[in-house]
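Construct all of the structure, not just a fragment, from the sequences and the given hints.
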Amino acid sequence: MANFAVITKVIVHNKVDNKADTVAGSYAKEVSDYLESVVNTKTIRSIHSCELASSGAVMTVIIHDS
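Positions in the sequence shown are counted from 1; adding 10 to them yields my numbering.
One should not assume that every hint holds.
[Unchecked claim] EDC-like, lysine to aspartate or glutamate: derived pairs with alpha carbons at most 16 Å apart:
(1) K19 / D75
(2) K19 / D43
(3) K19 / E40
(4) K39 / D75
[Unchecked claim] If you anchor each label on the Cβ, the simulated ranges turn out as follows:
(5) H58 / N24: 17 to 23 Å
(6) H58 / G35: 19 to 25 Å
(7) S42 / D75: 15 to 21 Å
(8) A67 / A34: 25 to 31 Å
(9) F14 / A38: 27 to 33 Å
(10) G35 / E61: 18 to 24 Å
(11) V49 / N24: 25 to 31 Å
Bear in mind the hints are in silico, worked out from the structure with no lab data behind them.
Quick reminder that beta carbons are idealized off the backbone N, C-alpha and C, glycines included.
Set out below in structure tokens:
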């Protein structure tokens, strides 16, 4: 099995909002802050978001090199 040195970050936000990424506590700010924390943005392999039908929450999965 291949050994990939990656980090998988899952962000779930229970309240869907359309606030800007500068608003504290917003989903956009949480995702933006995490992406900015990745030292080299060229190492980001995948970003996917989806709405969880059972709760209406939004989940984002970010995969990047470690």
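These are the hints, each one checked on the structure:
A hinted pair counts as satisfied when its Cα atoms are at most 16 Å apart, and K19 with D75 qualifies at roughly 11 Å. Straight-line distance between C-alpha atoms of K19 and D43 comes to about 12 Å, which keeps the hinted pair within the 16 Å bound. The straight-line distance between the Cα atoms of K19 and E40 is roughly 12 Å, inside the 16 Å bound, and the hint therefore holds. Simply put, K39 and D75 have alpha-carbon atoms about 22 Å apart, too far for the 16 Å limit, and the pair is violated.
Checked against the hint of 17 to 23 Å, the pair H58 and N24 passes, with Cβ atoms roughly 18 Å apart. With their beta carbons about 23 Å apart, H58 and G35 fall inside the hinted range of 19 to 25 Å. The hint said 15 to 21 Å for the Cβ distance between S42 and D75, and at roughly 19 Å that hint holds. Restraint check, A67 to A34: a C-beta distance of roughly 19 Å breaks the suggested window 25 to 31 Å.
Judged by the Cβ atoms, the range 27 to 33 Å given for F14 and A38 holds: they are separated by roughly 28 Å. Here the CB-CB span from G35 to E61 is close to 19 Å, well matched to the stated 18 to 24 Å. Between V49 and N24 the Cβ separation comes to about 29 Å, which falls inside the hinted range of 25 to 31 Å.
Checked against the numbered hints given earlier, this structure breaks hints 4, 8; the rest are met.
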